[in-house]
Amino acid sequence: MSADIEVRLRALEDHAEIQRLAARFSDAVNERDANAFGELWAGDGAVWEIGEPLPLRGEGRDGIVSMLESLFGVEHYFMQMTHSGVISVDGDRATARFAIREHGRGENTFYDNLAVYEDELVRGPAGWRFMRRSYSYRFLDQSPFAGTAFPVRPR
Amino acid sequence: MSADIEVRLRALEDHAEIQRLAARFSDAVNERDANAFGELWAGDGAVWEIGEPLPLRGEGRDGIVSMLESLFGVEHYFMQMTHSGVISVDGDRATARFAIREHGRGENTFYDNLAVYEDELVRGPAGWRFMRRSYSYRFLDQSPFAGTAFPVRPR
Amino acid sequence: MSADIEVRLRALEDHAEIQRLAARFSDAVNERDANAFGELWAGDGAVWEIGEPLPLRGEGRDGIVSMLESLFGVEHYFMQMTHSGVISVDGDRATARFAIREHGRGENTFYDNLAVYEDELVRGPAGWRFMRRSYSYRFLDQSPFAGTAFPVRPR
Chain A
22 MSADIEVRLR
32 ALEDHAEIQR
42 LAARFSDAVN
52 ERDANAFGEL
62 WAGDGAVWEI
72 GEPLPLRGEG
82 RDGIVSMLES
92 LFGVEHYFMQ
102 MTHSGVISVD
112 GDRATARFAI
122 REHGRGENTF
132 YDNLAVYEDE
142 LVRGPAGWRF
152 MRRSYSYRFL
162 DQSPFAGTAF
172 PVRPR
Chain B
22 MSADIEVRLR
32 ALEDHAEIQR
42 LAARFSDAVN
52 ERDANAFGEL
62 WAGDGAVWEI
72 GEPLPLRGEG
82 RDGIVSMLES
92 LFGVEHYFMQ
102 MTHSGVISVD
112 GDRATARFAI
122 REHGRGENTF
132 YDNLAVYEDE
142 LVRGPAGWRF
152 MRRSYSYRFL
162 DQSPFAGTAF
172 PVRPR
Chain C
22 MSADIEVRLR
32 ALEDHAEIQR
42 LAARFSDAVN
52 ERDANAFGEL
62 WAGDGAVWEI
72 GEPLPLRGEG
82 RDGIVSMLES
92 LFGVEHYFMQ
102 MTHSGVISVD
112 GDRATARFAI
122 REHGRGENTF
132 YDNLAVYEDE
142 LVRGPAGWRF
152 MRRSYSYRFL
162 DQSPFAGTAF
172 PVRPR
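Note that the protein sequences, when read in sequence, are chains A, B and C.
Heads up, the first sequence is in my numbering, so the first residue is 22 and it goes up one at a time.
Heads up, the second sequence is in my numbering, so the first residue is 22 and it goes up one at a time.
Heads up, the third sequence is in my numbering, so the first residue is 22 and it goes up one at a time.
Honestly, the hints are just simulated from the structure, not real lab data.
Careful, some of the hints might be misleading.
[As the list claims (entries may be wrong)] Only part of the chain B face toward chain A is listed, based on derived beta-carbon distances under 8 Å:
1) R29
2) L33
3) H36
4) H104
5) G106
6) R122
7) V137
8) S157
9) Y158
10) S164
C-beta: ideal position from N, C-alpha, C; glycine also.
Can you build the whole structure from these sequences, using the hints too?
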């Protein structure tokens, strides 16, 4: 294979895999699948941060999955939407930034927000993983909204 | 061409084409283009399902296009937004799941929802097509909202 | 390299680059980065149009960047979300259409809308650039909403 083809294929694959990782993140959250969520992270050094005004922080795959499970306990209904994002790859490291909407309901709580995920990624033997995701709120509305939530169907 | 390049190109193309099919679905709906919508489906065996609490079902390309046209009759204004999705390809079959928002207005009706499309796809001679799309509501708000809708410009 | 591989790689790259250009547009707007925004346009002949009922028009890279800066002056908080889009490439020209949501607040103004960007693109020596983006509102709500906006962190 010529070097040029390899470089071009790899560039396409890197961007596609990082897009897919961000998509799998939203999908795991929306399907309430903590196992699938855990597979997206680099391992012990990984950090998942949610910024002000609702700060939370998980570290390492186990800490991150525990944080997700505690959020599942609070939010009876939750949907996360990943919009377009920008990705910058430098060898086996990358950074990315995605525009996000989240919408959820807890016991007596309401949650509708727009934010950006600022990401650091590493390529390991099994492909790209998140080393750090930092959620930076741009808009947050916690006032009550109407409408009905429906449970995720068991699979 | 080496087998390796072919496999890698094909994998990239499969994912890009299925992403594009989902994008063309939203675009055809938003542009009110029933012909473009009909081209996205596998043919006689295709099924388009909308789940509870507003269940609807169309079968075969003609049945599916008729269902779309009856929805166009109800919703004077309608926008569908496809967010990120996850895709799993197995030869000439694939499954996918996309996060969706829909927003519309009818005569005296209002419609704002978040949902997932659960998809089964097949690869035919003309490329990937939907064999089944099942719309699973996660949140539905039918209470009135403010704002003004604008008609789609004729092309 | 065989002609076939080149054609297939190029097709994948073209679509990925145009998707990325639309993503960079939203990102530059959301990060309030006028320089990054200016790099997305073809140059002197480029046109950025926002349609009725809030029409605006900028021409040439300088005119377009000035228009963005005046919008930054009006909207203290602003988020643009790019959803899926359809792309059609014809040599060094392309057209595209993306579904968009924008959400913002000014001094005493509120702004929440759904729209489509209709795009014309050209491939120059530095890659794909916008020759024209025309924003076509489909839904616009300027009534007050609750919630808190957070400033973009300086980088």
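- Item | When the least beta-carbon distance from R122(B) to chain A is tested against 8 Å, hint result | holds, 7 Å
- Query: How about S157(B): closest beta carbon in chain A under 8 Å, or not?
  - Reply: Since chain A brings a Cβ to about 7 Å from S157(B), closer than 8 Å, the hint holds.
- Holds or violated: is there a CB of chain A closer than 8 Å to the CB of S164(B)? Since chain A brings a Cβ to about 4 Å from S164(B), closer than 8 Å, the hint holds.
- Task: Mind checking the CB of L33(B) against every CB in chain A and telling me if the closest is under 8 Å?
- Result: holds, 6 Å
- Would you settle whether the hint for V137(B) is holds or violated, based on the nearest Cβ-Cβ distance to chain A being less than 8 Å? holds, 7 Å
- Query: At a threshold of 8 Å, is the proposed contact between H36(B) and chain A supported by beta-carbon distances?
  - Reply: Holds, because the Cβ-Cβ distance from H36(B) to chain A comes to roughly 6 Å (cut-off 8 Å).
- With a cut-off of 8 Å on the beta carbons, see whether Y158(B) makes it to chain A. holds, 5 Å
- Query: Taking 8 Å as the limit, does the beta-carbon of R29(B) come near enough to a beta-carbon in chain A?
  - Reply: Check passed: Cβ of R29(B) comes within 5 Å of chain A, closer than 8 Å.
- Does the nearest C-beta of chain A fall within a distance shorter than 8 Å of the C-beta of G106(B)? With a closest approach of 6 Å, the G106(B) hint holds.
- Once the shortest beta carbon distance from H104(B) to chain A is found, is it less than 8 Å? Constraint on H104(B) satisfied, holds at 4 Å.
Checked against the numbered hints given earlier, this structure breaks none of them.
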